[in-house]
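Sequences listed follow chains X and W, in order.
Numbered per this note's numbering, the first sequence spans residues 17 to 820.
Numbered per this note's numbering, the second sequence spans residues -18 to 274.
Source of the hints: derived by calculation from the structure; they are not laboratory data.
Positions of the beta carbon are idealized from the N, C-alpha and C atoms, including for glycine.
One or more of the hints may lead you astray.
Said to hold, decoys possible - Okay, the calculated bits of chain W under chain X, using three or more residues with CB under 8 Å as the criterion:
| id | stretch |
| --- | --- |
| 1 | -2 to 12 |
| 2 | 25 to 36 |
| 3 | 116 to 129 |
To be verified - Only pairs whose alpha carbons sit at most 25 Å apart, straight line, appear in this in silico PhoX-like list of lysine-lysine:
| id | chain 1 | residue 1 | chain 2 | residue 2 |
| --- | --- | --- | --- | --- |
| 4 | X | Lys139 | W | Lys8 |
| 5 | W | Lys(-17) | X | Lys114 |
| 6 | X | Lys34 | X | Lys139 |
| 7 | X | Lys310 | W | Lys8 |
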Amino acid sequence: MQSYFVPDTAYDELGRGKLPEHWQSLIHFFTQTDLSDTPAPEQLRAAMLVRDVDVERPWVLDPIPFTLAPDEWRAIEKGLAQRAVLLNHIVADLYGQKRLLDVGGLPPALVYGNPRFLLGADKPQVINQTFLNILAFDLGRSPDGQWRVLADWTEAPQGLGICLENRTLSGQALPGLFEQFKTQRLANFFTATTQYLHSQAAAATHEGITVIMSPGPDHPSYFEHAYLGQYFGFPVVEGADLTVRGHTLQLKTLEGLKAVGCVLRYASSTHCDPLYLSQHGNDGVAGLVNIARKKHVHIANALGSGVLENDAFMSFLPSLCETLLNEELQLPSLASWWCGQPSAAEFVAANSAQLSVGPAFTRPELFSSTIAQYQWPQTIQRSATELAYLDVARELIQLSHAPYLDSHGQLAAGPLVLRLFVTKTSSGYSLMPGGIARVATPDKVLSKDIWIPKDTALHTLNFTPHTARDNRLRHSDRDLPSRTADDIFWLGRYLERCEGVVRVYRCLFNHVAEGELEQQLTAQTTLRLLVNLDMIPPSLGKTLLLAQQTNQDWWSTLLDFDNRSGLARLLGNIDRLANQIRERLSGDTWRMFRALTNTPSTSAWLLGSISNGISLMDGLIERLSGLSGQVQENMTRSYGWRLLELGRRLERGQFGLQLTSELVSQTSSSSHMFLLLDLCDCTITYRARYQSQPILENLLHLLLLDEANPHSLIYQVSRLQNVMHEMPLDQANDGLSDSQRILLSAYHELTLAEPDKLATVISKAGNRTQLRRVIQRLDKTFDNLSELVTATYFSHTLNPMQTQ
Amino acid sequence: MKYHVLHNTQYHYTLPVISSQQLLRLKPRNLPSRQKLLSHQIELSISGTELHEQLDFFGNCVHEVRLHARHSTLTINASSEIDVSPRDELLIDLSPPWENVQQALSFPKTPEHYSAAQFRFPSPHVDVAAAVSLARQLATPGLPLLRMAYLVNTYIYEQFSYQGGVTNVHTEVADVLHQRVGVCQDFAHVAIAIFRALGLAARYVSGYILSQSASSRPQLVGAEATHAWMSIYCPEFGWIDFDPTNNLITSDQHITLGWGRDYADVAPTRGYILGGGHQSLSVDVRVREQETS
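Just chain X, with the same shape it has in the complex:
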């Protein structure tokens, strides 16, 4: 324990050599194993899991959990529940009755000078007066052993997803220890949260669903929204997925509009309603405020609740607690001096060297706040007259130190901050029996799971598991937002296109490798095909054709993965779309997507070698096929699956038409036919059936009309018929629906075609006129279907804009 050092001035969580009881089993476990030479297996395992989850985490998880003595935990639990009640009261008053906004209440500058007090969110009616559903608190322990609240988070607290992830990792890494420690589970906390949100939703609107509103995949915490969406079973939506109609908030889904009763909000208030809450920007749902104000949707947390997320307010909490709750504030905050009061300003001016002076109404984003900022002064020398309501000073705190495993596997100590979560349940505010602990090391901040052992004395505060479970079957897929549906459809198209293009590249490499003269001709046809498929710019296509050999330049022109064009762009699109629908993908499927899009960067192939080029393409095909298999075998036959299938079938049909048109719609050599068979993955089938030099008539039959061939056109059409039949909103009042009509005409076009005529009717210029006509008509049919799908299901996905 030589590396474990706690300064004399700081509190030692491990009791300064006299190990407290609640730490004994944990420390025993981590010191018993000889960790001096090799990192602990648990640590390796944790690191492996972190990689596997593939999330850009703000920090690394330390294998040693943090824990607290039961009596201390109980005190924190009571203190934070009281604080949640108090903060809820304050928000309710500021936006409702406004007793605090009058003489004898809060100084006007504290509220009206705070840009996060949103006048547009005024006078809401809130179900059960629950303005704050989920709150987070940052806590630190001062040298005297007292826990202090460093920050209250009331707007849209982040970290629940990280909590769940940390728990999964630490539980998996240390299963024995976890059980032996009798660690309290987090599930009850989340169940209680869900149940309460559902009850709020039901109170707001009949059959109202609950959604998570996220700022979208570009937000740094999006993975958390996706994670929680999966965990809670709530659709993750963005503002554009929602609309207000009459007195209700509606989600635009594949099945039309659906009432939303509750919004778990991860977008900040000013990004929630462009009409009422923001001057610029188009984020959010226009008119949301009005629906919330009439109690027809519950918003968790209420719009504008960020008004309390600042250090200026903290110094008023003790007196507010007495005024509003008639109680003493149980958990003290870090002392702060808001310079809107002359006495505080004078104190700050005289003592600024020992304080941290900063902006009163802005705080660093969650988690970007460093532990150091609580401990070291930020010396801004200013006079009392210069300090005003926009300034606040905070007391510096020497944080307690907690153990972590350093890079040598040794126990070390660093300053500690906790983030704890409180949720509203049917029986009041309850603290999550866990949370996130952060420990600063000399070079980074580690994250730790918090383990709280089961405490029999605590049962009154523990959640009572509900016997009456929510038995309504939740077809969350039926609430598929139109925008997500759009993404899935295009993901299907890009996947299929990618597979087609990769086959073309592979053909090219194969023929170049074989190197014979006639094969070189095929290679040139393939290059032209890549140009026509938009993979290579026409100018470069010529360069590549004329090149005598495949040198370094030839390769980097053909496959430029830094340039985000061609194949790289296709893979980039797949990556982007998979990201956007991430919460709807299983862990396995997600990993396969990652593996696919990372193939070029992870495969150790070098430019300049044909065999490496081929193995890259083989790798891509393998992963694409793996994904197809995963989707076919493991994805529920839900709307999501159908949209993916729609996209794939449409693309495969049109891609096949394009290849046929490029390669055989003019008089062509047998090498073209071989190429076509190869690109459509039909060579084996053809050889097995005809065992001869290709004859166009037979080939066309196989590629267009053979219902048993999964690459034939007629196969795509009948798959599309099946899938469209299962889609919502595709019913006609009488007779055929539009999609059925379109597909039936394609089916007839194909069945009535005569392969011998398609192959043999040739114009003077050498064009196969009948074949061309059929190809054109079919291509148009596919276009029509694509437009119909877009208009029926994705039409609300336009970008909104503001008027004056």
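Once you've looked at the hints, dock chain W against the given chain X.
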């Protein structure tokens, strides 16, 4: 004086709008003993419109309009009949020194002062910091507040030129101060910024003025659209409106629609559309005196 106001707003879009939501602040307020709304109606050119009436934070009437029918033009006609009484003569030199008012508002001891104090802070269109040096230059110590307001009003009237098309709704106070050009809305924002920089309470008023008078009254600037001016809070006197565009204290030629911290709080129309391509907006306001019988 009785007025009839027709306020016509037209949107034209190059592509059809699929849905549109608007916040309208077109219904004049009632002011105790100063202004009475006799009748009011709003008509939209598109049927099947949802119209929700509500009061905002400041007590202004707001209509939320929702249109779900496809359209490429939208006309909003608001018509109001208002009776405005002239303001009693103000003995502005009897108002308290501005420093006293600043003190009283910093630590308000009455509900009225407390409520006025909300208008002392920066707001989205009023960057108070930009006006600090000008405010210090104009604030003669000991000057009665309303006298100072009068001087600031005149200062803006004389030093800034009224010119449309140079500024827009997003123009910042600092730019107006630099260019010394703008329209009524810019002048109101500048005046408000000056007063707030001194720790005083100033608010933005949106309304109409009578331009073409049958009588021999002077013709006023800013009548082709909605007009804007500023209002300053003075203990004992209440809220007194100054129009820097016309260099006067308002009386019965100004019709108040509503007020807020700045333009953003009381924009007559504000909307959000899906579709639409390029848009153009035209506004026409007609204020007519009615015969008093």
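For each hint, the structure was consulted:
1. -2 to 12: Check passed, 6 qualifying residues.
2. 25 to 36: Per the Cβ count (3), the hint holds.
3. 116 to 129: violated (count 0)
4. Lys139/X - Lys8/W: holds, 21 Å
5. Lys(-17)/W - Lys114/X: violated, 37 Å
6. Lys34/X - Lys139/X: violated, 55 Å
7. Lys310/X - Lys8/W: Between Lys310/X and Lys8/W the Cα gap is close to 22 Å, so the pair holds against 25 Å.
Hints 3, 5, 6 from the list above are not met by this structure, while the remaining hints are.
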